Amino acid sequence: MHNLSVIQPGLQTTIQDLGRVSHQIDGFPVSGSMDQASHRLANLLVGNRGKTACLEFALTGPTLIFRVATFITITGGQFSPTLNGKPIPENEAIRVHENDELAIGSANAGRYGYLAIKGGIQVPEVMDSRSTTLRIGIGGFNGRALQAGDQLPISPQETLRSFGHRRVNQAFLESFRDPKTMLQNPLVIRILKGPQWSLFSKSDQRLLQHQQYQLTSEADRMGYRLAGKPLTTSLKSLLSEATVFGGIQITSNGQPIVLLADRQTTGGYPVIATILTADIGKIVQCQNHQLIQFQLTDLKTAEDELQKQTELLQRLKAEFIEQRYQAPIGINRSAAQRIRGLFEGGFSKG
Amino acid sequence: MKPYQLITVGDQAISIEFPNEINPEINLRLQALAKIITADKVVGVQAVIPAYHTLLVTFDAMRITPRKLKQQLERIIADQLAAPLPPKRTLIIPVCYEDPYGPDLSDVADYAGISTDEVIKRHTGKSYLIYFLGFLPGFAYMASVDDQIAMPRLSKPRVKIPAGSVGIAGIQTGFYPVTSPGGWRLIGKTPLTLYQPDNPEPFYHAGDEIKFEAIDKETFDVIKQADELGHYHVKVVTENA
Numbered sequence: 001m002h003n004l005s006v007i008q009p010g011l012q013t014t015i016q017d018l019g020r021v022s023h024q025i026d027g028f029p030v031s032g033s034m035d036q037a038s039h040r041l042a043n044l045l046v047g048n049r050g051k052t053a054c055l056e057f058a059l060t061g062p063t064l065i066f067r068v069a070t071f072i073t074i075t076g077g078q079f080s081p082t083l084n085g086k087p088i089p090e091n092e093a094i095r096v097h098e099n100d101e102l103a104i105g106s107a108n109a110g111r112y113g114y115l116a117i118k119g120g121i122q123v124p125e126v127m128d129s130r131s132t133t134l135r136i137g138i139g140g141f142n143g144r145a146l147q148a149g150d151q152l153p154i155s156p157q158e159t160l161r162s163f164g165h166r167r168v169n170q171a172f173l174e175s176f177r178d179p180k181t182m183l184q185n186p187l188v189i190r191i192l193k194g195p196q197w198s199l200f201s202k203s204d205q206r207l208l209q210h211q212q213y214q215l216t217s218e219a220d221r222m223g224y225r226l227a228g229k230p231l232t233t234s235l236k237s238l239l240s241e242a243t244v245f246g247g248i249q250i251t252s253n254g255q256p257i258v259l260l261a262d263r264q265t266t267g268g269y270p271v272i273a274t275i276l277t278a279d280i281g282k283i284v285q286c287q288n289h290q291l292i293q294f295q296l297t298d299l300k301t302a303e304d305e306l307q308k309q310t311e312l313l314q315r316l317k318a319e320f321i322e323q324r325y326q327a328p329i330g331i332n333r334s335a336a337q338r339i340r341g342l343f344e345g346g347f348s349k350g
Numbered sequence: 001m002k003p004y005q006l007i008t009v010g011d012q013a014i015s016i017e018f019p020n021e022i023n024p025e026i027n028l029r030l031q032a033l034a035k036i037i038t039a040d041k042v043v044g045v046q047a048v049i050p051a052y053h054t055l056l057v058t059f060d061a062m063r064i065t066p067r068k069l070k071q072q073l074e075r076i077i078a079d080q081l082a083a084p085l086p087p088k089r090t091l092i093i094p095v096c097y098e099d100p101y102g103p104d105l106s107d108v109a110d111y112a113g114i115s116t117d118e119v120i121k122r123h124t125g126k127s128y129l130i131y132f133l134g135f136l137p138g139f140a141y142m143a144s145v146d147d148q149i150a151m152p153r154l155s156k157p158r159v160k161i162p163a164g165s166v167g168i169a170g171i172q173t174g175f176y177p178v179t180s181p182g183g184w185r186l187i188g189k190t191p192l193t194l195y196q197p198d199n200p201e202p203f204y205h206a207g208d209e210i211k212f213e214a215i216d217k218e219t220f221d222v223i224k225q226a227d228e229l230g231h232y233h234v235k236v237v238t239e240n241a
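Quick note, the sequences are listed as chains A and B, same order.
In terms of UniProt numbering, the first sequence opens at residue 1 and continues consecutively.
In terms of UniProt numbering, the second sequence opens at residue 1 and continues consecutively.
To be clear about the criterion: a stretch of chain A counts as covered by chain B if any three or more of its residues have a C-beta under 8 Å from a C-beta of chain B, and this derived list gives those stretches:
(1) 136–150
(2) 190–203
(3) 241–250
(4) 269–277
(5) 303–310
These are calculated hints, taken from the structure and not from any lab test.
Nothing here was measured: the structure is a model prediction, and the numbers come from that model.
Heads up, the beta-carbon is just placed ideally off N, CA and C, and yes, glycines get one too.
Using the sequences provided together with the hints, build the complete structure.
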């Protein structure tokens, strides 16, 4: 069963699904993938359900050997993945064979990448989730980031419907999350007024929207600290409240922290604004020193943008179903797949 | 009926906000609401997260709109506010207040101007509501301790506090489920294992009450051993609220 060997672990590679959502009531960080849109896209490309566990890697990805044949894809940041030394594209289903070596390499743009494997990574669930929470050592693979020599459970997969169609084109990526935005400087991130917005002075509210912030090196799965001219409203301490993914807290030095996947479930700093769910992936993908410009918008826009992102995935899923009987016909039967593999001499998609 | 507001937080959460105070009556209402919202399986609701005076309800915006969810929550809240509170559950937690387990006990006694025995008497003299769990898994925010022993937290937090330590921070009291940094005044330690990574779900939850029971060092060792073997059972008292 332990069919995926870790040769090099990368900088911080963890197993993540969409998080331990329902146990926040007991103080458990939700965790799950930082860039959930890319996580969902990855699973869709290999025919998994959206919440299936993937590998998440940061800045430098792992090198892995597959001990069984299966299908994979890589989404998220722009890495330079190779299979047995030959470059392979991202955002497209790839067939891997027994003993193929996948090297993800380093991020040329973006920060987090996702490797989805058909059938998922079958570590046991801990409290309804396979997500790793490093800070408290639970979930994923023994509650920790991967290390060289680890063997992960995946299952052999011989068929993938509509295989030859399972890729996304540039136009899709541009509407899903324009890759050019990764190079925007400053990057525009849309926000909504947070629960404590009105406790801040008008000049602080303006400063938040009109200055450029820089992402500092204090950035991890818990949150990203930004640096700019400090806000000056002094607030007496607040009673702790539950936190949300993308909440922007202002700490006592007047600087923002963006709360992310491994955030504490409750916090006492005022939340001046929250980032649109549709834009969380964008800020998560920023590398250190990136300039960020917040743009205030309304709930209607936030809902529309999330709807748009979701519909793109739904349409893609529907297309893959329709394309089952269009050439090139997908890999439906294992015998046909093996014969085809012989002709193709390995991993190319034909 | 308590006044409350429904506030959207981001695009996938609604906060039920009661008056901004640490008040057991308000919090017990929130806990009851949390249970009902979970049990009702409202379409699209993903999680409920209580704090002192707020209950955050997170939802999947692709399955329900904030407007619709607000309507449903209003109905649930109206029903709940009219109903009696569910029965109260009190857990008895043994605590050893002797050296070396309570490094700040004498400071708290000095702050209060009373003896250390009197501090222990005050701390064990009432039960504390778990308002919510946060900061760390199983870290329970409990209140309210006797005003006289409500010493503010350390100005410089400790780097490492052993798991099981029991402390005071203003009117709050609590225990550290895992070894971690923290600024609470440490007055004792429980022999119970509060957090096990291989069985991480805590045995106490928001809405429960905790009553501390003073034990000596010998009893601490006996209970610790029994608990590690899985033979110790926490005493639970259930009564009507």
